[in-house]
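*Asks:* Read off the chains here:
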Amino acid sequence: MNETTDGEAAIRVTVYRRRAGDTDPHYDDFDVPYRPGMTVLDILMSIRSHQDAELTFRHSCLHASCGTCGMRVNRRERLACVTPAGAPGDQVLIEPLAGAEVRSDLVVDMRPFYESLDAVGRPLLRGDEHNHDGHRLEDCIECSLCTSACPVTATDGRYAGPAVLAATERVLREPRGHDAAAVLERADREQGAWRCHLALECSQVCPAGVDPAGAIMRLRRDLLRRHLALHVHRARNGRRS
Amino acid sequence: MTGRRGVRGWLDPRGRHSGMWTLVAGRVAGIGLTCYLYAHLAVLSLLTRGPGTWDRFVAIAGHPAFLALDAVLVAGLLVHAAHGVRVALQGSGLLIGARRSLMVALAVVGVAVGLVAIVLLFN
Chain F
1 MNETTDGEAA
11 IRVTVYRRRA
21 GDTDPHYDDF
31 DVPYRPGMTV
41 LDILMSIRSH
51 QDAELTFRHS
61 CLHASCGTCG
71 MRVNRRERLA
81 CVTPAGAPGD
91 QVLIEPLAGA
101 EVRSDLVVDM
111 RPFYESLDAV
121 GRPLLRGDEH
131 NHDGHRLEDC
141 IECSLCTSAC
151 PVTATDGRYA
161 GPAVLAATER
171 VLREPRGHDA
181 AAVLERADRE
191 QGAWRCHLAL
201 ECSQVCPAGV
211 DPAGAIMRLR
221 RDLLRRHLAL
231 HVHRARNGRR
241 S
Chain U
242 MTGRRGVRGW
252 LDPRGRHSGM
262 WTLVAGRVAG
272 IGLTCYLYAH
282 LAVLSLLTRG
292 PGTWDRFVAI
302 AGHPAFLALD
312 AVLVAGLLVH
322 AAHGVRVALQ
332 GSGLLIGARR
342 SLMVALAVVG
352 VAVGLVAIVL
362 LFN
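Heads up: the sequence lines are chains F and U, in that order. With the working numbering applied, the first sequence corresponds to residues 1 to 241, in that order. With the working numbering applied, the second sequence corresponds to residues 242 to 364, in that order.
Hints were generated in silico from the structure; no laboratory data involved. Beta carbons are placed, not taken as given, at the ideal position from N, Cα and C, and that holds for glycine. Among the hints, a few may not be true.
[Claimed, not checked] Calculated from the model, a selection of chain U residues having no Cβ within reach of chain F, i.e. all distances over 12 Å:
| id | residue |
| --- | --- |
| 1 | GLY247 |
| 2 | VAL248 |
| 3 | GLY260 |
| 4 | LEU282 |
| 5 | LEU288 |
| 6 | ASP296 |
| 7 | PHE298 |
| 8 | PHE307 |
| 9 | LEU319 |
| 10 | GLN331 |
| 11 | LEU356 |
[To be verified] Here are some chain F residues pointing at chain U (derived, C-beta under 10 Å):
| id | residue |
| --- | --- |
| 12 | TYR27 |
| 13 | ARG76 |
| 14 | SER148 |
| 15 | ARG186 |
| 16 | ASP188 |
| 17 | GLU190 |
| 18 | CYS196 |
| 19 | GLU201 |
| 20 | ALA208 |
| 21 | ARG221 |
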């Protein structure tokens, strides 16, 4: 079992490190004193307070509402504030979200993600306006865990990504003043809904119960129907002329 | 630094769920089948070397170890086909609410067909 230098039971933590100007990332190991009920965020705070004041990470609300502490814990996208740290003797690997530029250690640049959501229109509703189909995108906390987990984003930075496509599907269902035609046109591109390979990881890692994979499939079904209807319409017109 | 996982993001299922595992299995099977296609064409080219060469290959092809490779080929075909059916159905918006059930159903059918194929191969 891991122990600190004081003989306390500890969790061995391996943390991704990269600072501005570093050519390559590296990993640092820390033995963090175990406390019952501690979270991954508690681990990071402990490291920063007692072992390495330069460790950089982002957090805010501490209860899975803000989506700012998204990171990969043991290769899985998690919100650090609500992810159990494990037991004494466990080893925990902590890395930044994938598919985004690393600014410093565990902090990634979220601006491109937010900007892509802005382009769709961020379909947020008031609490008393929830729709009734059980797929409330307004639950999305914009943490980008889905984008990090998606295998397509691993190699293709142009892909719209699960969160944006889920937002697109929501806008189409209830435009509320948004330009639904323009939103749909963006989703109908090669790097839009058709780029999804159905790994379904986006829905698995979502901490808010949003189902981006389901939204993408519904979006593709709607797009398919539109294309089929268009082809039928053209074929009929062609026969008439 | 982009933080992209690159090809590893497509092929590393560690910490992932059933959807990712089926994606990886489908991809690996697809790569294997592509390699098999070229190997198959190379074997067929033996025909140009005359009946003696071909007969010697056919004698090797009946060996149990070679048949085991055929079983691997059948498994690869079934994995790739099952993944393709899943993607075609759900990618078209069908059976959205039955994602896990569809995977289980395809796995059961695949295993059953594979077992029958293996029995037929070795008999």
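*Asks:* Does each hint hold? Answer for all of them.
*Replies:* Structure-based check of all given hints:
With a minimum CB-CB distance of about 6 Å to chain F, GLY247 (chain U) fails to clear the 12 Å threshold, and the non-interface call is violated. Non-interface call for VAL248 (chain U) relative to chain F: violated, since the shortest CB-CB distance, roughly 7 Å, does not exceed 12 Å. Here GLY260 (chain U) does not stay apart from chain F, with its beta-carbon only about 3 Å from theirs, under the 12 Å limit. A cut-off of 12 Å between C-beta atoms confirms that LEU282 (chain U) is not in contact with chain F; the least separation is 28 Å.
The Cβ of LEU288 (chain U) lies farther than 12 Å from every Cβ of chain F, with a closest approach of about 39 Å, so its non-interface assignment holds. Residue placement check: ASP296 (chain U) keeps its beta carbon more than 12 Å from all beta carbons of chain F (closest about 45 Å). Here PHE298 (chain U) stays apart from chain F, with its beta-carbon at least about 38 Å from theirs, past the 12 Å limit. For PHE307 (chain U), the condition that its CB be more than 12 Å from all CB atoms of chain F holds, with the nearest at approximately 34 Å.
Interface exclusion of LEU319 (chain U) from chain F stands, the closest Cβ pair being 18 Å apart, more than 12 Å. Listed as a non-interface residue, GLN331 (chain U) fails to keep its Cβ farther than 12 Å from every Cβ of chain F; the least gap is roughly 6 Å. For LEU356 (chain U), the condition that its CB be more than 12 Å from all CB atoms of chain F holds, with the nearest at approximately 27 Å. Of the supplied interface hints, the one on TYR27 (chain F) is violated, with its beta-carbon coming no nearer than about 15 Å to a beta-carbon of chain U, more than 10 Å.
With a cut of 10 Å, the hint placing ARG76 (chain F) at the interface with chain U holds, because the nearest CB-to-CB distance is about 4 Å. About 8 Å separates the beta-carbon of SER148 (chain F) from the nearest beta-carbon of chain U, less than 10 Å, and the hint is met. Hint status for ARG186 (chain F) relative to chain U: violated, with the closest Cβ pair at about 19 Å, above 10 Å. Contact between ASP188 (chain F) and chain U, as hinted, is not supported at the beta carbon level, the nearest pair being about 14 Å apart and thus beyond 10 Å.
Taking 10 Å as the C-beta cut-off, the interface hint given for GLU190 (chain F) is violated, the closest approach to chain U being about 14 Å. A least Cβ separation of about 7 Å between CYS196 (chain F) and chain U falls short of the 10 Å threshold, and the interface hint therefore holds. The criterion of a C-beta within 10 Å of any C-beta in chain U is met by GLU201 (chain F), whose closest approach is roughly 5 Å, and the hint holds. Against a cut-off of 10 Å between C-beta atoms, the interface hint on ALA208 (chain F) is violated, since the closest Cβ of chain U lies about 17 Å away.
Below 10 Å, beta-carbon pairs count as interface contacts, and ARG221 (chain F) has one with chain U at about 2 Å; its hint therefore holds.
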